[in-house]
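Enquirer: The hints should help you fit chain B onto chain A, whose structure is shown.
2 protein chains.
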Amino acid sequence: MAAERNVLIVYAHQSNGSFNAAARDAAMEVLQSQGCRVTVSDLYAMGFRACATADDIIGELKNPDNFHYGEETVQAWKEGRLTDDIKAEHQKVREAQLIIFQFPMYWFSVPAILKGWIDRVLTQGFAFSLQNMYSNGNFKDKKVILSFTTGSTEGMFLPDGVHGDINVVLWPLQSGTLYFCGFQVLPPQIFWAPGHSPPETQKAMLVAWRKRLATLWEETPLSFTPTNLFDMSFSGGFRLLPQVKEQRQEEPYGLSTGHHLGKPIPPNNQTKASPPHD
Amino acid sequence: MAAERNVLIVYAHQSNGSFNAAARDAAMEVLQSQGCRVTVSDLYAMGFRACATADDIIGELKNPDNFHYGEETVQAWKEGRLTDDIKAEHQKVREAQLIIFQFPMYWFSVPAILKGWIDRVLTQGFAFSLQNMYSNGNFKDKKVILSFTTGSTEGMFLPDGVHGDINVVLWPLQSGTLYFCGFQVLPPQIFWAPGHSPPETQKAMLVAWRKRLATLWEETPLSFTPTNLFDMSFSGGFRLLPQVKEQRQEEPYGLSTGHHLGKPIPPNNQTKASPPHD
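These protein sequence lines map, in sequence, to chains A and B. Mapped onto the UniProt record's numbering, the consecutive letters of the first sequence carry residue numbers 1 to 278. Mapped onto the UniProt record's numbering, the consecutive letters of the second sequence carry residue numbers 1 to 278.
To be clear, the hints were calculated from the coordinates, so they are not data collected in a lab. Be a bit skeptical, because a hint or two may be false.
Claimed, not checked - Dumping the calculated SDA-like pairs for lysine to any residue here, alpha-carbon to alpha-carbon at most 25 Å:
# : chain 1 : residue 1 : chain 2 : residue 2
1 : B       : Lys62     : A       : Glu200
2 : B       : Lys263    : A       : Glu251
3 : B       : Lys263    : A       : Glu246
4 : B       : Lys62     : A       : Ser197
Chain A with its partners taken away, still in its complex shape (with noise of 0.2 Å):
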């Protein structure tokens, strides 16, 4: 049973009428339906501040004349001196054994509020560390989901479409910042282009996350590269190990999309889990 579960929805779109609002609260209803509770943070409604600066910082810097966010942001974490709105969305992520990311792709990313809240939240020490990244992550218990809308179509996200492959396009958001942290990403829920499309086809989007939304939690994360696999240390360079290496050299693709190793990049790596192997 889902009850007494958790849910974090970061949510970035200026306005309660567009498609990111309906797709949010769909998630909100079924979720709650589920007995979890749900939090939003509405970060244009909160006016959250996306820049990474000084004044996320009480107290005296470390370094004033060569300011390093993530060194004073780390050093501030450990002593209890960030602010309260980084210090409150860090509870919320503590509490939170999911987090749904729902927002409108903008630039082949997410928007800079959006930016702004993992470049702010997601600090050294609380969400990673060189000792606990990837597989080892800190957040290795909790699941994550990007649910977003493009102006495109799907074709013009293939990989003989004009943008190219998104598989490509959401590795360092998935891989690079989300699995970073250790956590579980589930497949990315992508409505294509609702803007451009016929109310009917809106309603059956929604239709269809609402239906995803209900068994959510029994879903298999994407695969990523585990980090035993790699030799993690400055001396071995974090570099895949080398029998490791050897015993892919028959397989037709790469471990990953980012880890292609200069062979196919293995199909739907970023968009769908892979079959379960025994």
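Expert: Quick look at chain B alone, frame taken from chain A:
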């Protein structure tokens, strides 16, 4: 001669004591010594607004109940109703023959404040349209370069490094954003982990950057798939022409990182210019 050339540096670091500031200063010095006029948009110092909101539009919204940033701003741009900060950046872009983005990589992408510049300044109509994108893009006579620092080493961003291939990481920015607007995208200037490097290594990095800047104008841009290889119509789905796909059958590599066509990605596609053919 490079006289009369205008360069815009869009700079996104909080501190003038940073390596990024030194890289910016090196670029200013070398380019000014060539006779270029160099303008810097120092985003943090300007307090540049990152978030795309209705505040960017002067006067009445077209559709206030279902606010759509893209649709409202293309209209506002046509009618001269964008805010002054956006208009000022438009003017700088219009005048520039070269734009340098100087930033520290945050989460496999640009910092939120720079994503805000991209979201707000690369306005539809001004920067692109359905008719004017990629090789037909508005900025096809301008050069652009991403110049950035990383926290990780180069090895971690190899196809067998823990983060995966840097060429995949750069695709959304270099193809989806810059080439999308038509820019000639020069190979990126990547400063690998200067923060973890001794002062003499940092100095050597800046010396190499100055050396590169001396002949930057002569460099061959990265190669992307030309738009005339696609059927750029809704009926054709903005997909690669069948005869082009057929011609590629025998080739060992795909066309580009995103247009991999199920083949291995052309090595260094987003980091090095291809050797000239013919």
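Enquirer: Just pull the numbers of the violated hints for me, sorted ascending.
Expert: Result: no hint breaks.
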